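When you get a sec, could you build the whole thing from the sequences and use the hints?
Listed below are the residues making up each chain.
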Amino acid sequence: MGEKVLMKGNEAIAESAIRAGCMHYFGYPITPQTEIAAYMAKRMPKVGGVFLQAESEIAAINMVLGVAATGKRVMTSSSSPGVSLKSEGISYIAGSDVPALIVNVQRGGPGLGGIQPSQSDYFQAVKGGSHGDFKKVVLAPASVQEMADLTATAFDLADKYRVPAMILADGTLGQMMEPVELPDSAPKAFDKPWALTGTKCQRKHNICNSLYLKPEELEKTNFERFARYKEIEENEVLFEEYLMDDAEICVVSFGITARVAKNAIVEARAKGIKVGMIRPITLWPFPEKVLRAAADKCKAFLSVEMNMGQMIEDIKLATECKKPVYLCNRTGGMIPSPEEVLAKIVEINEGGDR
Amino acid sequence: MAVVFEKSKVLTDAPLHYCPGCTHGIIHRLVAEAIEELGIEGRTIGVAPVGCSVMAYDYFTTDFIQAPHGRAPAVATGVKRADPENNIVFTYQGDGDLAAIGTAETVHAAARRENITVIFVNNAIYGMTGGQMAPTTLPGQVTQTSPYGRDVETVGYPVKVCELLSNVDGAAYLERVAVNNPANVKKAKKAIKKAFQNQIDGKGFSLIEVVSTCPTNWGMTPEKALKWLEDNMLPYYPLGVYKDIYAEEEAK
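For the protein sequence lines, the chains are A and B, in the order given. Following the working numbering, the numbering of the first sequence begins with 170 at its first residue and continues without gaps. Following the working numbering, the numbering of the second sequence begins with 49 at its first residue and continues without gaps.
Just so you know, the hints here were simulated from the structure itself, not pulled from any lab data. Don't take each hint at face value.
Unchecked claim - Which bits of chain A does chain B cover? Going by a derived footprint, with three or more residues having C-beta under 8 Å, they are:
id	segment
1	218 to 224
2	238 to 245
3	248 to 255
4	354 to 368
5	507 to 517
Said to hold, decoys possible - The calculated DSS-like cross-link candidates involving lysine-lysine, where the alpha carbons are at most 27 Å apart (straight line), are:
id	chain 1	residue 1	chain 2	residue 2
6	A	173	A	431
7	A	369	B	251
8	A	458	A	443
9	B	272	B	234
10	B	275	B	238
11	A	373	B	300
12	A	466	A	491
13	A	369	B	55
14	A	458	A	485
15	B	242	A	369
16	A	369	B	57
17	A	215	A	357
18	B	208	B	275
19	A	373	B	241
20	A	369	B	238
21	A	458	A	492
22	B	235	B	300
23	B	57	A	373
24	A	399	A	389
25	B	235	A	373
26	B	251	A	215
27	A	399	A	296
28	A	431	A	458
29	A	369	B	241
30	A	399	A	443
31	A	491	A	296
32	A	369	B	237
33	A	399	A	357
Unchecked claim - Incomplete in silico selection of chain A near chain B, CB under 10 Å:
id	residue
34	193
35	199
36	235
37	258
38	260
39	261
40	265
Keep in mind it's a predicted model, so treat the numbers as computed, not measured. We put the beta carbon where it would ideally sit given N, CA and C, even for glycine.
The structure is reproduced here in structure tokens:
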């Protein structure tokens, strides 16, 4: 690892992307992620890269598609309403089997919503979020350090499996400053024989396409793609366990709310409550196995999220509803306090929810 | 026997899916010939639209990418910027793609003087979906979604793309051509070749609008369609150079 610097989460993503060999960034201004674009605008010309402010989110994601098809690392970033606009392009990226990074620094919704932090794009991020059968790798950082680290991971996974990858952050993580150690190792290289580089009149033309008019062919490509997804599910699940050895209550939380929940867990432990946490780092693939195993040991789960309860559905699926799953949530840009989470843990420990 | 004509080697052997009398075949040939004559086949990357020419990627021997509806200029921007020294990038788009859903991408690629070549086929109708009103459908023209004729009072007027873009500072070269007779086909070829040469020379955004027919969806024989084009399309969409900043500079 390299030097330790104090940075905003948004800037850490941008700098880490450049260090991961991403020389192309396309974006459109939207709060609370604009620091990524601003950082790229400043840095890209200095490192021989391309920063381009597109005419829309739609144009930006299609510029990403263009670069991705040439095999070069490329990214865009936005916040919730902007990501909705990108969703068509993300489907094409998935359907064309090209790698790219999309960053969503979430804000409250629906509609224009607000500009305060939120996790209400969980469904959009992990359930496809656009038309057609496809998935994308979704990584949820919980610190500025992880904003940097997972950006590099996202590029590697996208390249390895030829899929779109998403960093699902939120306005808090984007705006807050923390010390971060930036990676300084050379980016991983991947062989990309499919890339559009011009035939040089030496090979048959490469075609980057998602159109298959014969249903048999389209079905086949979808089956092949889902076989790759299966590999991702088997090999790339990331999560953090915290005080789970003897835990009777398992908090499940990702991103910034996991930081809040950790404080509550420390307080609860001080009261003698056996509580721990499983923090999914990959939201897709979701850490199903560890949750399923926890369902055999724990008496209850508590999902802490900044939305009306979205990840809770995946927790119920993973645990096969063996144990009750409670919800502690705020939404619309409100962040749950450690006290609120603690109160919920105490309530569950005392035998129930409300 | 002497060979007097050969198919361009930049075209594959795949049979074209276009309807009888459709002018896409001629335009494909002109694009392929221009690429071949300029010796850029090995570094050209095409961008196919959504619409009748969506499967252009099967017909050219160059690398190709298929873009979402209207987004070809944005996709082309990405492909070009990925390797501006090497990549020669062209989009091949219809009127619905370029002048309706993709208006923003078209105007802003021009405004950026993006160094790409745009082949714009204007046949005044949505062909692939079966003949609906297009942004370039003429006033009074009957289509599936203007069954009583395009009523400008309720749906507005056709978009004249070359005229519109001639007001965009970034656009470098705009010419409207047609392929309705051999003389015009030759002129179209020259314009298309120039649009690629401009890109090789780094001169920036070049767009060639090709006024075309759609006999199937116009409900005419190919011959009648050509006549209809001459009588109706060409008066509304006059042929000629709408902008050529380098010729203008030379003239000064």
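How the hints compare with the structure:
Coverage of a stretch by a chain is defined here by at least three residues with a beta carbon nearer than 8 Å to that chain's beta carbons; for the segment 218 to 224 of chain A and chain B the count is 4, and the condition holds. With 4 residues carrying a beta carbon less than 8 Å from a beta carbon of chain B, the segment 238 to 245 of chain A meets the three-residue requirement, and the given coverage holds. Coverage of the segment 248 to 255 of chain A by chain B is violated [criterion: at least 3 residues with CB-CB distance below 8 Å; count 0]. Under a criterion of three residues with beta carbons nearer than 8 Å to beta carbons of chain B, the stated coverage of the segment 354 to 368 of chain A is upheld, 4 such residues being counted.
A stretch counts as covered by a chain when three or more of its residues have a beta carbon under 8 Å from one of that chain; for the segment 507 to 517 of chain A and chain B the count is 0, and the coverage is violated. Distance hint between residue 173 (chain A) and residue 431 (chain A) is fulfilled; the C-alpha atoms sit about 24 Å from each other, no more than 27 Å. Proposed proximity of residue 369 (chain A) and residue 251 (chain B) is supported: the alpha carbons are some 23 Å apart, at most 27 Å. Between residue 458 (chain A) and residue 443 (chain A) the alpha-carbon distance is near 21 Å, which keeps this suggested pair within the 27 Å criterion.
The suggested pairing of residue 272 (chain B) with residue 234 (chain B) holds, with an alpha-carbon distance near 21 Å, which does not exceed 27 Å. For a cut-off of 27 Å, the pair hint linking residue 275 (chain B) to residue 238 (chain B) stands: about 23 Å separates their Cα positions. Taking the CA atoms of residue 373 (chain A) and residue 300 (chain B), the gap is about 46 Å. The hint is violated against a cut of 27 Å. Simply put, residue 466 (chain A) and residue 491 (chain A) have alpha-carbon atoms about 10 Å apart, close enough for the 27 Å limit, and the pair holds.
This hinted pair checks out: residue 369 (chain A) and residue 55 (chain B) have alpha carbons roughly 20 Å apart, not beyond 27 Å. In summary, the hint linking residue 458 (chain A) to residue 485 (chain A) is supported, as the alpha carbons are separated by about 12 Å, within the 27 Å threshold. For the suggested pair residue 242 (chain B) and residue 369 (chain A), the alpha carbons sit about 22 Å apart, so the restraint of at most 27 Å is met. For the suggested pair residue 369 (chain A) and residue 57 (chain B), the alpha carbons sit about 14 Å apart, so the restraint of at most 27 Å is met.
Taken as a hint, the residue 215 (chain A) and residue 357 (chain A) pair is honoured in the structure, with Cα atoms around 22 Å apart against an allowance of 27 Å. Restraint check for residue 208 (chain B) and residue 275 (chain B): the C-alpha separation of about 21 Å stays at or below 27 Å, so the hint holds. Simply put, residue 373 (chain A) and residue 241 (chain B) have alpha-carbon atoms about 24 Å apart, close enough for the 27 Å limit, and the pair holds. The hinted pair formed by residue 369 (chain A) and residue 238 (chain B) meets the criterion: a straight-line CA distance of about 25 Å does not exceed 27 Å.
The straight-line distance between the Cα atoms of residue 458 (chain A) and residue 492 (chain A) is roughly 15 Å, inside the 27 Å bound, and the hint therefore holds. With a C-alpha separation of about 25 Å, the suggested pairing of residue 235 (chain B) with residue 300 (chain B) holds against the 27 Å cut-off. The straight-line distance between the Cα atoms of residue 57 (chain B) and residue 373 (chain A) is roughly 13 Å, inside the 27 Å bound, and the hint therefore holds. A threshold of 27 Å between alpha carbons decides the hint, and for residue 399 (chain A) with residue 389 (chain A) the separation of about 15 Å falls inside it, so the pair holds.
As the CA atoms of residue 235 (chain B) and residue 373 (chain A) are separated by approximately 31 Å, the hinted pair breaks the 27 Å bound. Between residue 251 (chain B) and residue 215 (chain A), the direct Cα distance comes to roughly 25 Å. Compliance with the 27 Å bound is thereby established for this hinted pair. Our distance criterion of 27 Å between C-alpha atoms is met by residue 399 (chain A) and residue 296 (chain A), whose separation comes to about 15 Å. Distance hint between residue 431 (chain A) and residue 458 (chain A) is fulfilled; the C-alpha atoms sit about 22 Å from each other, no more than 27 Å.
At most 27 Å may separate the alpha-carbon atoms for a hinted pair to count; residue 369 (chain A) and residue 241 (chain B) meet this at roughly 20 Å. The straight-line distance between the Cα atoms of residue 399 (chain A) and residue 443 (chain A) is roughly 35 Å, outside the 27 Å bound, and the hint therefore fails. A threshold of 27 Å between alpha carbons decides the hint, and for residue 491 (chain A) with residue 296 (chain A) the separation of about 23 Å falls inside it, so the pair holds. Taking the CA atoms of residue 369 (chain A) and residue 237 (chain B), the gap is about 24 Å. The hint holds against a cut of 27 Å.
Our distance criterion of 27 Å between C-alpha atoms is met by residue 399 (chain A) and residue 357 (chain A), whose separation comes to about 23 Å. Interface hint status for residue 193 (chain A): upheld, as the beta-carbon distance to the closest one in chain B is roughly 7 Å, under 10 Å. Contact between residue 199 (chain A) and chain B, as hinted, is not supported at the beta carbon level, the nearest pair being about 17 Å apart and thus beyond 10 Å. With its C-beta approaching chain B no nearer than about 2 Å, residue 235 (chain A) sits inside the 10 Å limit, and its interface hint holds.
At about 6 Å, the closest approach between the beta carbon of residue 258 (chain A) and any beta carbon in chain B falls short of 10 Å, and the interface hint on this residue holds. At about 8 Å, the closest approach between the beta carbon of residue 260 (chain A) and any beta carbon in chain B falls short of 10 Å, and the interface hint on this residue holds. Here the hint on residue 261 (chain A) is kept, as its CB sits about 5 Å from the closest CB of chain B, short of 10 Å. The criterion of a C-beta within 10 Å of any C-beta in chain B is met by residue 265 (chain A), whose closest approach is roughly 8 Å, and the hint holds.
In terms of the numbered hints stated before, the structure departs from hints 3, 5, 11, 25, 30, 35, listed from lowest to highest.
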